[in-house]
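One line per chain: the protein sequences are A and B, in this order. Everything in the first sequence is counted per the working numbering, starting at 6 for the first residue and increasing by one. Everything in the second sequence is counted per the working numbering, starting at 40 for the first residue and increasing by one.
The reader is advised that the hints may include incorrect statements.
To be clear about the criterion: a stretch of chain A counts as covered by chain B if any three or more of its residues have a C-beta under 8 angstroms from a C-beta of chain B, and this derived list gives those stretches [stated by the list, open to error]:
1) 12-25
2) 224-233
3) 310-319
To be clear, the hints were calculated from the coordinates, so they are not data collected in a lab. We treat Cβ as the ideally placed atom computed from N, Cα and C, and that holds for glycine.
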Amino acid sequence: MKRLIALIRREYWENKGALRTTPLVIGGIYIAFLLMSIFTTAHFDNEMYTFKEAVRLLASQSPEFRATHGYEVMLGSSLFFTVVLAFVVFFYLLGALYDDRKDRSILFWKSLPASDTLTIASKLLTAMIVAPFIFWAVFVLTQIVMAGIASIMVLSVGENPWTLFLSVVNPLKAWAMLLASYLASSIWFLPIYGWLLLVSAFAPRIPLLFALLPPVIFAILQIWIKFLKTFTVNNNLFGLVGDWVANSPAILTAEIRDGEGMLALGATLNHDFDHAVTLTNILDRLFSLQMLAGLGVAAVFLTGALWLRHRATES
Amino acid sequence: MTPIISARGLTKRYGRTLAVDHIDMEIPAGRIVGLIGPNGAGKTSALKAILGLATFDGELSVLGKDPSRDRASLMEDVCFIADVAVLPRWIRVWQLIDTTEQIHPGFSRETCMQYLSHTKITLDHKVKQLSKGMVAQLHLALVMAIDAKLLVLDEPTLGLDILYRKQFYTSLLNDYFDEQRTILITTHQVEEIEHILTDLIFIQDGKIALEASMEEVESRYVELMVKPEFAEQARALNPMYERELFGRHIFLFDNVERDRLAELGEIHTPSVADLFVATMKRGDS
Numbered sequence: 006m007k008r009l010i011a012l013i014r015r016e017y018w019e020n021k022g023a024l025r026t027t028p029l030v031i032g033g034i035y036i037a038f039l040l041m042s043i044f045t046t047a048h049f050d051n052e053m054y055t056f057k058e059a060v061r062l063l064a065s066q067s068p069e070f071r072a073t074h075g076y077e078v079m080l081g082s083s084l085f086f087t088v089v090l091a092f093v094v095f096f097y098l099l100g101a102l103y104d105d106r107k108d109r110s111i112l113f114w115k116s117l118p119a120s121d122t123l124t125i126a127s128k129l130l131t132a133m134i135v136a137p138f139i140f141w142a143v144f145v146l147t148q149i150v151m152a153g154i155a156s157i158m159v160l161s162v163g164e165n166p167w168t169l170f171l172s173v174v175n176p177l178k179a180w181a182m183l184l185a186s187y188l189a190s191s192i193w194f195l196p197i198y199g200w201l202l203l204v205s206a207f208a209p210r211i212p213l214l215f216a217l218l219p220p221v222i223f224a225i226l227q228i229w230i231k232f233l234k235t236f237t238v239n240n241n242l243f244g245l246v247g248d249w250v251a252n253s254p255a256i257l258t259a260e261i262r263d264g265e266g267m268l269a270l271g272a273t274l275n276h277d278f279d280h281a282v283t284l285t286n287i288l289d290r291l292f293s294l295q296m297l298a299g300l301g302v303a304a305v306f307l308t309g310a311l312w313l314r315h316r317a318t319e320s
Numbered sequence: 040m041t042p043i044i045s046a047r048g049l050t051k052r053y054g055r056t057l058a059v060d061h062i063d064m065e066i067p068a069g070r071i072v073g074l075i076g077p078n079g080a081g082k083t084s085a086l087k088a089i090l091g092l093a094t095f096d097g098e099l100s101v102l103g104k105d106p107s108r109d110r111a112s113l114m115e116d117v118c119f120i121a122d123v124a125v126l127p128r129w130i131r132v133w134q135l136i137d138t139t140e141q142i143h144p145g146f147s148r149e150t151c152m153q154y155l156s157h158t159k160i161t162l163d164h165k166v167k168q169l170s171k172g173m174v175a176q177l178h179l180a181l182v183m184a185i186d187a188k189l190l191v192l193d194e195p196t197l198g199l200d201i202l203y204r205k206q207f208y209t210s211l212l213n214d215y216f217d218e219q220r221t222i223l224i225t226t227h228q229v230e231e232i233e234h235i236l237t238d239l240i241f242i243q244d245g246k247i248a249l250e251a252s253m254e255e256v257e258s259r260y261v262e263l264m265v266k267p268e269f270a271e272q273a274r275a276l277n278p279m280y281e282r283e284l285f286g287r288h289i290f291l292f293d294n295v296e297r298d299r300l301a302e303l304g305e306i307h308t309p310s311v312a313d314l315f316v317a318t319m320k321r322g323d324s
């Protein structure tokens, strides 16, 4: 356990830029945009008249209305964090078993009494837990700062932020839901993480190319053969990966329901699962047949990555 | 006592070429063994097999373990510096020490800091900010702070200046080495290590060309320096190798009576470098 933690810390140190600086920059951008919009309003709005009206209008709505919409806004604003997190994890995993082979520092790491299994576990856990957790924590921090700024604004026009939204909206619920969705997505995307680690352990150079080219070629062949046989183009690897993302427990899109926009898990392109953002729906995905098959695929890829890692120092 | 390293028929193939060709060797504890061979002779391949960094054929046991299966647990008692220093460039010195301390049960931070105090390296330095020599110093400090039974050094002082090379071998001998420890070392700078070695292994084309303790070397090999008029007589005694220097003929003999040689000219114990050249030349012919 001590060794695993030391290895995970080493991953954090090596990838501080991606894992820590990136979410901080996004949080900074959120806050900067908020401040910019305040200054823009203050600049054009005569004595904040429109803003005051907007706050009064909001205050006149029922607490239930404010609670639901506040919750949706809080969760919905995580989208940019989530998308960037996906990119960070993608490139982190591609480099995880490649970079130290490239600069030959693998010879140092292999001189330490840490097994290849433990090394791969540390990299997988960094992608599955450490990265989402840091993004989540910075997101929470950003929202606290933004709530503070908003409260000052509301106070400045003579309204009470406590009764308006602070006491009405339950931030813990939104934050907990986001964290649950992040961690569930980490499990859901294990087959893809496994593939990336396999490529990372295998690629002699340019892992990105090796990660994308084989599936693309495979899918194109599938489409072509299918087209020759049946003149249809469904059921290929593109569709499978697309469905996988659409079915994922990450909060990625919104859908229109009963005339109202609602946040959705994945994308509502198909109806294999219920897309409403609830804990039950998140768990439903994790205990599905798809997940079981995905874990099987992930196990194959990870075993391959381990096998390659074991032989990585052969010249 | 069981040997630290024992190999039987150790073989390493790369495609159709044999990098290591059915080597048998036994290295007992408490020795400093020089593994010496020309480039491409299979030294690094043999070391990689010993360190669990490469698969191999044949039998190999290091500290009673199979290195290809038990690398992680083997590394608790084995340290190595492979080729040139290969420390990750992004890491800071304190992070490196922290990580090694957490992962390695035999690592002593105190000892490491003591070695580092003789250098200009600070804890806050990043490896990429250090010169090549300083990186090697850092790596050596880390490794020498580990209480290991076997230390494997593959060209450990490459890129270091002569002052530090001398200092390194001195502290290796005085502070690090004892009867419990075994050091396996390869280098091209044979002259620098010959006075600390207890055993020699010459390797050529994947095979062992010579395996002997330094005492055996001293008793077996004789270098004879003669004036030109005695050259024919010396040649008749079947020397391994002959060269000329300042008009003198120098011969190297394997297992020839010293008294007979002494009659022809001056006799010495050959240097490891000369013995190496002679052995390689004999192997080529």
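Outcome of the hint check:
1. 12-25: Per the Cβ count (5), the hint holds.
2. 224-233: violated (count 0)
3. 310-319: Holds: 3 residues of the region 310-319 of chain A have a Cβ under 8 angstroms from chain B.
Comparing the model with each numbered hint stated earlier shows that hint 2 is the single one that does not hold.
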